[in-house]
Amino acid sequence: MSTLGPAGVRPFERSMPPVTGLGMASLACAVVSGVIVASQVGMDDPPMVVPTMFVAAALLLEIATVVVLVRIRPFAWDRFRLVFSVGLAAYVLQSAIIAWAFVINDVPAGPMTILSLGLVVFATIVPVMLAFTVARYQAVDDPR
Amino acid sequence: MTDAVGVDPGSTPAMEHGPPPMDIRIIPPMGLPFVAVAVVFVLYAIGSNSIWALMLAHVAGGGMWTAVDLYVGLILGPILGRLSPPARAEFSARFMPKMVLLMPTLVMMTLATGFQIALNYGNLYPSSINRPWLVASMVDVGIMAVVALGILEPANIAVLFEMKKERPDVDVIDHLMKRFVYTAGVTGLMQVATLLIMTRVATQ
Numbered sequence: 167m168s169t170l171g172p173a174g175v176r177p178f179e180r181s182m183p184p185v186t187g188l189g190m191a192s193l194a195c196a197v198v199s200g201v202i203v204a205s206q207v208g209m210d211d212p213p214m215v216v217p218t219m220f221v222a223a224a225l226l227l228e229i230a231t232v233v234v235l236v237r238i239r240p241f242a243w244d245r246f247r248l249v250f251s252v253g254l255a256a257y258v259l260q261s262a263i264i265a266w267a268f269v270i271n272d273v274p275a276g277p278m279t280i281l282s283l284g285l286v287v288f289a290t291i292v293p294v295m296l297a298f299t300v301a302r303y304q305a306v307d308d309p310r
Numbered sequence: 499m500t501d502a503v504g505v506d507p508g509s510t511p512a513m514e515h516g517p518p519p520m521d522i523r524i525i526p527p528m529g530l531p532f533v534a535v536a537v538v539f540v541l542y543a544i545g546s547n548s549i550w551a552l553m554l555a556h557v558a559g560g561g562m563w564t565a566v567d568l569y570v571g572l573i574l575g576p577i578l579g580r581l582s583p584p585a586r587a588e589f590s591a592r593f594m595p596k597m598v599l600l601m602p603t604l605v606m607m608t609l610a611t612g613f614q615i616a617l618n619y620g621n622l623y624p625s626s627i628n629r630p631w632l633v634a635s636m637v638d639v640g641i642m643a644v645v646a647l648g649i650l651e652p653a654n655i656a657v658l659f660e661m662k663k664e665r666p667d668v669d670v671i672d673h674l675m676k677r678f679v680y681t682a683g684v685t686g687l688m689q690v691a692t693l694l695i696m697t698r699v700a701t702q
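If you read the protein sequences in the order shown, they are chains D and S.
To convert, take the position in the first sequence, counting from 1, and add 166; that gives this note's numbering.
To convert, take the position in the second sequence, counting from 1, and add 498; that gives this note's numbering.
Heads up, some of the hints might be wrong.
[What the hints assert, rightly or not] On the chain S side, residues computed to face chain D include the following (Cβ under 7 Å): (1) Ile544; (2) Ala610; (3) Ile615; (4) Leu622; (5) Trp631; (6) Val644; (7) Leu647; (8) Gly648; (9) Pro652; (10) Ile655; (11) Asp669; (12) Val670; (13) Asp672; (14) Val699; (15) Gln702.
[Unchecked claim] From chain D, some residues computed to sit far from chain S (all C-beta separations above 12 Å): (16) Val215; (17) Gly253; (18) Ser261.
Derived from the structure by calculation, the hints contain no laboratory data.
In this text, all values refer to a predicted model and were calculated from it rather than measured experimentally.
Backbone N, C-alpha and C define an ideal beta-carbon position, used for all residues, glycine too.
Sequences are here, hints too, so could you generate the full structure?
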């Protein structure tokens, strides 16, 4: 199997959509929502509008990342799936431990929902960025 | 959906002088028991709410995380950047797999226990003098997390996959190693802020 398609384009030279940029923006929004919620611990009625907007933005950006990603043709999907599945297992474990720390410390339902959604974004977008970065440098046929 | 995937790059001018393929284990199995011990200990610390166990996981994990980031970013990184490509590749082949396991484990130890310690000491409550410092710390860690998880760690893993190829593309390795070194430098500098904040919190 050849690295080079008919156009002779190396994986290194092939232009790709901004999957990593969108993923980082999604992760940043999830982190901001988590920081806002955590900084409101101990408040009687903490405002949830801003963190809700950030976590919603994180989810939308993650969906955008996936939409942009699945439209890449051709792509080294076998390698992507391999890295994504291992990364997902690792980051789901990390997120579950952090979520458990929130549960065991009686974080109220509203903030817990936002923190959980942020952790879902964290556990899924990081493996996407890992797998994309690996797969984009793999050889595929006709990478135009 | 599945496209043809080749892991054996063909020959191009840039690849002809690439480093030879290396026998690399991207996830070193020898390290997995240490990760398992760390995970079990963190679970014990959170579940038992033992101040000693929480502090050990947080301080040991955070201290090593900070030290490794500073060392890699400010000392090892610049040295690595000046090595010849074959020397850099050989060093990376032995160094990067350890980082794949070490850094996520240290981050998990630090972050999972940090929230509980802050609650136990009342440092996150509005009346606490430490609250602004902890919020600053969370912002600092958040920026580091986005940079490390979006750029540094993917570059780390991708460079290992590239070096495993029969004919690695030296341009890909150089590009990814530069990303790794620069982002390690950024996170290293941000760890200085972590040191300032955490020593301030501990002494107020």
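Each hint tested on the structure:
For isoleucine 544 of chain S, the interface hint holds, since its Cβ comes within 7 Å of a Cβ in chain D; the closest pair sits about 5 Å apart. Interface hint at alanine 610 of chain S: satisfied, since its Cβ lies 5 Å from the closest Cβ of chain D, which is below the 7 Å cut-off. For isoleucine 615 of chain S, the interface hint is violated, since its Cβ never comes within 7 Å of a Cβ in chain D; the closest pair sits about 10 Å apart. At about 4 Å, the closest approach between the beta carbon of leucine 622 of chain S and any beta carbon in chain D falls short of 7 Å, and the interface hint on this residue holds.
The closest approach between the C-beta of tryptophan 631 of chain S and any C-beta of chain D is roughly 11 Å, which is over the 7 Å cut-off, so the hint fails. Interface hint status for valine 644 of chain S: upheld, as the beta-carbon distance to the closest one in chain D is roughly 5 Å, under 7 Å. A hinted interface residue such as leucine 647 of chain S counts as satisfied when its beta carbon comes closer than 7 Å to some beta carbon of chain D; here the least separation is about 5 Å, so the hint holds. Here the hint on glycine 648 of chain S is kept, as its CB sits about 4 Å from the closest CB of chain D, short of 7 Å.
The interface hint given for proline 652 of chain S is met, as the beta carbon of that residue sits about 3 Å from the closest beta carbon of chain D, less than 7 Å. Checking isoleucine 655 of chain S against chain D: minimum C-beta separation of about 6 Å stays under 7 Å; hint holds. Among the interface hints, the one on aspartate 669 of chain S holds; its C-beta lies about 5 Å from the nearest C-beta in chain D, closer than the 7 Å criterion. Given the 7 Å rule on beta carbons, the hint for valine 670 of chain S holds: about 5 Å separates it from the nearest Cβ of chain D.
With a cut of 7 Å, the hint placing aspartate 672 of chain S at the interface with chain D is violated, because the nearest CB-to-CB distance is about 10 Å. A cut of 7 Å between beta carbons decides the hint on valine 699 of chain S: the least distance to chain D is about 14 Å, and the hint is violated. Taking 7 Å as the C-beta contact cut-off toward chain D, the hint placing glutamine 702 of chain S at the interface is violated, the least distance being around 17 Å. With a minimum CB-CB distance of about 18 Å to chain S, valine 215 of chain D clears the 12 Å threshold, and the non-interface call stands.
Not every CB of chain S lies more than 12 Å from the CB of glycine 253 of chain D, the least distance being 8 Å, so the non-interface label is violated. Listed as a non-interface residue, serine 261 of chain D fails to keep its Cβ farther than 12 Å from every Cβ of chain S; the least gap is roughly 10 Å.
Hint compliance for this structure: hints 3, 5, 13, 14, 15, 17 and 18 are not met, and every other hint is.
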